Amino acid sequence: MKGYLGIDVGSVSTNLVLLDEEQEIKEKLYLRTQGRPIDVVQTGLEELGEKIDDLDIKAVGTTGSARDLAGVIVGADIVKNEITAHAVAASNIVPEVKTVLEIGGQDSKITILRDGVVVDFAMNTVCAAGTGSFLDQQASRLNIPIEEFGQFALEADNPVRIAGRCSVFAESDMIHKQQLGHSMENIIAGLCEALVRNYLNNVGQGKEILEPIVFQGGVAANEGIREAFAKSLDAEIVVPEHHDVMGAIGAGMLAQEAVQEKEETSFKGFDASDFTYEVSSFNCDGCPNSCEIINIHQNGELVARWGSKCPRWEAV
Amino acid sequence: MKVTYPHMGLMNLSAKSLLKELGLEVVEPPPITERTLNLGVKHAPEFACLPLKINVGNYIEALEAGADTIIMAGGSGPCRFGYYGEVQKEILKDLDYDFEMITFEPFQGSWSNFLQQFKFIFKHLSWWNLWSAWKLAWTKCQLIDEATEYTNRMRGYAVKPKLVTEVYEVFLNRIEDIHEIEKLHSAIVEMKNQILDLKIDWQKEPLKVGIVGEIYVVLEPFTNLNLEKKLGEMGVVVNRSIYLSDWISEHLFSTSVDSEEHQKIEAAAEPYLEHFVGGHGLETIGRTVLYNQDDYDGVIQLAPFTCMPEIVAESILPKVSRELDMPVLSLTLDEHTGEAGYITRLEAFVDLLKRKQGLKTGGQVI
Chain A
-19 MKGYLGIDVG SVSTNLVLLD EEQEIKEKLY LRTQGRPIDV VQTGLEELGE KIDDLDIKAV
41 GTTGSARDLA GVIVGADIVK NEITAHAVAA SNIVPEVKTV LEIGGQDSKI TILRDGVVVD
101 FAMNTVCAAG TGSFLDQQAS RLNIPIEEFG QFALEADNPV RIAGRCSVFA ESDMIHKQQL
161 GHSMENIIAG LCEALVRNYL NNVGQGKEIL EPIVFQGGVA ANEGIREAFA KSLDAEIVVP
221 EHHDVMGAIG AGMLAQEAVQ EKEETSFKGF DASDFTYEVS SFNCDGCPNS CEIINIHQNG
281 ELVARWGSKC PRWEAV
Chain B
842 MKVTYPHMGL MNLSAKSLLK ELGLEVVEPP PITERTLNLG VKHAPEFACL PLKINVGNYI
902 EALEAGADTI IMAGGSGPCR FGYYGEVQKE ILKDLDYDFE MITFEPFQGS WSNFLQQFKF
962 IFKHLSWWNL WSAWKLAWTK CQLIDEATEY TNRMRGYAVK PKLVTEVYEV FLNRIEDIHE
1022 IEKLHSAIVE MKNQILDLKI DWQKEPLKVG IVGEIYVVLE PFTNLNLEKK LGEMGVVVNR
1082 SIYLSDWISE HLFSTSVDSE EHQKIEAAAE PYLEHFVGGH GLETIGRTVL YNQDDYDGVI
1142 QLAPFTCMPE IVAESILPKV SRELDMPVLS LTLDEHTGEA GYITRLEAFV DLLKRKQGLK
1202 TGGQVI
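Sequence order for the protein chains is A and B.
-19 is the number of the first residue of the first sequence in my numbering; add one for each residue after it.
842 is the number of the first residue of the second sequence in my numbering; add one for each residue after it.
Don't read these hints as lab results, they were simulated from the structure.
Predicted, not measured: the structure shown is a model, and the values here were computed from it.
Heads up, some of the hints might be wrong.
Pulled from the structure, derived: some chain B residues nowhere near chain A, Cβ distances all over 10 Å [unchecked claim]: (1) V928; (2) W968; (3) I1022; (4) K1024; (5) A1028; (6) E1046; (7) I1089; (8) Q1134.
Pairwise CB distance ranges (calculated) [claimed, not checked]: (9) E1101/B / F149/A: 43 to 51 Å; (10) E244/A / E1111/B: 52 to 60 Å; (11) E927/B / G161/A: 45 to 53 Å; (12) D265/A / L1013/B: 17 to 25 Å; (13) A1108/B / G161/A: 54 to 62 Å; (14) E27/A / Q1044/B: 43 to 51 Å; (15) L11/A / G1179/B: 19 to 27 Å; (16) K1105/B / E272/A: 42 to 50 Å.
Where is the CB? At the ideal position from N, CA and C, for every residue including glycine.
Looking at chain A on its own, in the form it has when it is part of the complex (with noise of 0.2 Å):
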């Protein structure tokens, strides 16, 4: 059987998924990356390799912050964006979308869709409040799970309002309306709001907003947010089945459909979990840029090299 690998490489997670020839996922993995993504990725492929022995790979796509890192790693035959990878994925699972909310680790983006094709997005460009790592830092600071994290906010009686503009000054604000006295439901519910008013001021500022509305990132987990989006939008919110992997099924999916062109995936192997990367990097002494030149040497030899502003050190 033919399958389709999509590897997604993010500041918090790692996700892999194995799609089929009609874009089924047949596998699925959530790892966190914990700063170290070709480690992870090894790891990823190594589990993955486990698990499927009939499969043949046709192909294989990257995206997320650490794509181009990951590219070389698995030898993908694409390496794209999180942003389109990400508006690919929704408008094959909810194929009418309109509009894609995404809350992934370090990013937040809206996505404006109409007629199946992307019209407009927009990401956060200086504020990063209202995204994950936010969100599990809170959740680990008040002691509780993630997971039930979103949990806390529907038992809400009465939403405390948080100033969420900053994730620096929401947190103290939050320990100053704990010091008040005010519930730990009602606080967590007062903090989803505002990160939903903050994602709605500068992510989605000015965009038009209309439905179907797909929720997707590891933060559509969150109930709270969820909940928050809905009544700020009084609208439906969809979250998808799959809605943490979204990306890694987006660049599955767009590997599927370069192999098609290249013919033949470059597809290195559920063996490259064995090699040995090493990264090094020096600054460049040829002109005043110094630009700081990283190396990826796999199995001792030089793969893949990037940092320069110019070509002296392109060529591999």
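Add chain B to chain A, keeping to what the hints say.
Leaving out everything else, chain B in the frame of chain A:
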């Protein structure tokens, strides 16, 4: 006297030419690097915009290299740029540097006031010297802009856009040592021919993107992470709405405010913004509308973080974009130099434009 000036894109090429032809000793600040930025960020107020910070870094590095006189432009209107000269002077004085700062205020209708500012240069110079030095520098400035515009267009048609960049960079290196106007003109003709000798695919229908926004970050590739080159090498025809030569004629001589071109911009902006908001906020809106009329596929707005005129424009752009049905991407630039995030946005923007153009690209399904 050892004169220096801040960097802004390729301004140094014409500035150096002018000052040297006037017989002054020039100590140019080293090219902008991480160190320049770090120095600026360390000594400038946090909420000042990026150009001020980089200016301060430039001055410190130039003073370290032996400069003793700084030349800076002044300004008027709501943009904070107007008082940057003074603020920068105070910052450097607090750091105990010993220097003179000369701030050129805009022409504003009076030749005698304007020329007064040049007194320090005039002392030993004839009118003729001044005029010929100016003419050479001004020609350089205009030709550099012309070459940049040409390069930005041709990258979109070239089979290997990187080769176009190479020819352009050779031209820029050559131009510094040319001291005759005729030779400058032949150098640019030669550059254009070299580009035309490359493999060019005229059948291609490249995407066309206009760049609008605050002049410093538009002109200075260090701050905009080489946006023009990046887009060009993705095969996009890039057009910049503002060049140094425009700014000089507008800023120093206040000519183009009443010019036909400017009235066209004002008229284009009028349904959205009816008055001057400082800096190039009005131009950002007007030019965006004009790019749409010229069948551009999209517009990218560049603004330094906290830039007031561009914030005004940014809040109006979604409406312009919606009504004209043309995508506009606003990028805010600050001292944070991680490129990955910008590249993600740029790639996604180009994907979006390609889709809209109806091209089949990168195997996209949407």
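What are the numbers of the hints the structure violates, in ascending order? none
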